[in-house]
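Here the protein sequences come in this chain order: A and B.
Under numbering that gives the first Met the number 0, the letters of the first sequence match residues 0 to 385, in that order.
Under numbering that gives the first Met the number 0, the letters of the second sequence match residues 0 to 132, in that order.
Misleading hints may appear alongside valid ones.
[Unchecked claim] With a straight-line cut-off of 20 Å between C-alpha atoms, the simulated SDA-like cross-links for lysine to any residue are:
(1) K117(A) / S77(B)
(2) K108(B) / K117(A)
(3) K9(B) / K117(A)
(4) K81(B) / G140(A)
(5) K81(B) / L204(A)
(6) K301(A) / N243(A)
(7) K108(B) / S252(A)
If you're looking for bench data, these hints aren't it; they were derived computationally from the structure.
Because the structure is a prediction, the values reported are computed rather than measured.
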Amino acid sequence: MSLKGKAAAIGIAEFKPWKEAPPGVTPLKLMAQLTADVLNDAGLDKRDLDGLLVGMPFADPGMIYPASLAEVLGLNPRMLNVVDIGGASAAGMIWRAAAAIAAGMCNAVICLVADLNKIGDQKVPVVSVQREFEAPYGNIGANCGYAMIAHRHMHEFGTTPQQMAKIAVDQRKSAVKNPLAAFGDKLLTIDDVLSSRMICDPLHLFEIVSPCSGGSAVIVASPEIAKRAKNPPVWLLGAGEYANHASITYAPSLTESPIKPAADAAFKMAGVERKDIDLVCPYDCYTITVLVTLEDSGYCKKGHGGPFVMEHDLSYAGDFPCNTHGGQLSFGQPGLGGGMSHVTEGIRQLMGRGEGRQVRNATLAHVNGNGGIMSEQVSLILERRS
Amino acid sequence: MSEYTKPLPKPTATSRPFWEAAKAHRLQLQQCGGCQAFIYYPRDRCPHCLSDELQWKPVSGRGRVYSYTVVRRAATRSFADKPYVLAIVELEEGPRMTTNIEAPPEMVKVGMPVTVCFDDVTPEHTLVKFKPA
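My request is simple: use the sequences and hints to build the entire structure.
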């Protein structure tokens, strides 16, 4: 069984990320607001929702989270789950929702993520092997892992800091047109990026995502419900998921990521070619993440990501629209909501709601979610039918 | 001498032989009797073939820097005292290890040959690090 065309995204809701957590706000409060907003956006009633997929908020985690959340919201789901694949959780929810719908288990699934930025001093990892074999050497947090990916990529393929910086620069061109971007106030130059503070060689401050507070929601629905939704349905055409490590130290390669099998599976299911894609929304916790995603998704040859981003304009108005919301690098990273921002942007553009940054005639989008240090990968192909 | 505040390994029944050897300034890894692969980090079963015939074997301590970074802004306060070189070293026997390179940051390069060294960070704990060969 394929998921091709079995379910559609019919509504989205999203907060403009806050750089600091607003006083008195909890993840639960944000999720309740998002639920009301996304139902309104889709034109559905709460009673229409019969599936709940949620991301665990770092700021307020707990056991039996989905049932507790459903009780707060007054939902009676026929399927309820936490999706726990890091930054790929949001994209992972979309195909899981479609699978539940295709299997006849649900008709309308809400995919919900919200979090507060209360990380501060990062905790030593809770996974015991990481605590034992990574943390004593200072392999804590994500910056250093992605920095090692970038160094290896530079070593193998001659990728340059300028090429990586160009990604942040082009995404910012779209962010200044996105009223929801937390870091969309002014354009950036390659020099701005390269003169920002070095955090972990070779990654500079402006190549690294900023943790924020916020969240977003998407409703995925059956064809019957999609017919009566307010928005043009955005159909899931293809999906793929793959992981081959947790710590980057034990990945088969630092430069060939598990994105390739995930993207290949998604394109195969969708039955479309790379050249057919109108916009790409690759998870961008760092500039190097986008570069490796473009290579492993097959938009250019392995190792050619650097020249590729220099040869193309990645902005909404360019010849290769990429992260037209500004990416997380400019939108901000409200916990797992950072990963949902790529999903909502793909849907928004295909619905024709991109406003000042609308990609012209956008009908096919490729979204990639990425968890951990290039660990869990989820690729989605989304389509608006004319 | 000031107290050591960075995270320390808490050996398990599975990993204790690794850390005890390190304390004696020896590097030993598990080798799988089923598929002959060397394994790091220590496990109860081989991640390649799931055999439980794992034997501790001394290894060369020679390898190369597979990649590295200089952490200038650490994610935790305990590492914030000064920049440090975090690296992945690929051992001659195959496995990769997370480690630190004991060398000035500007000297470290991807692909550089390195050899094991041992850092007795507390009287009970020895970390496995590497230095230019």
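Hints the structure fails to honour | 2 and 3
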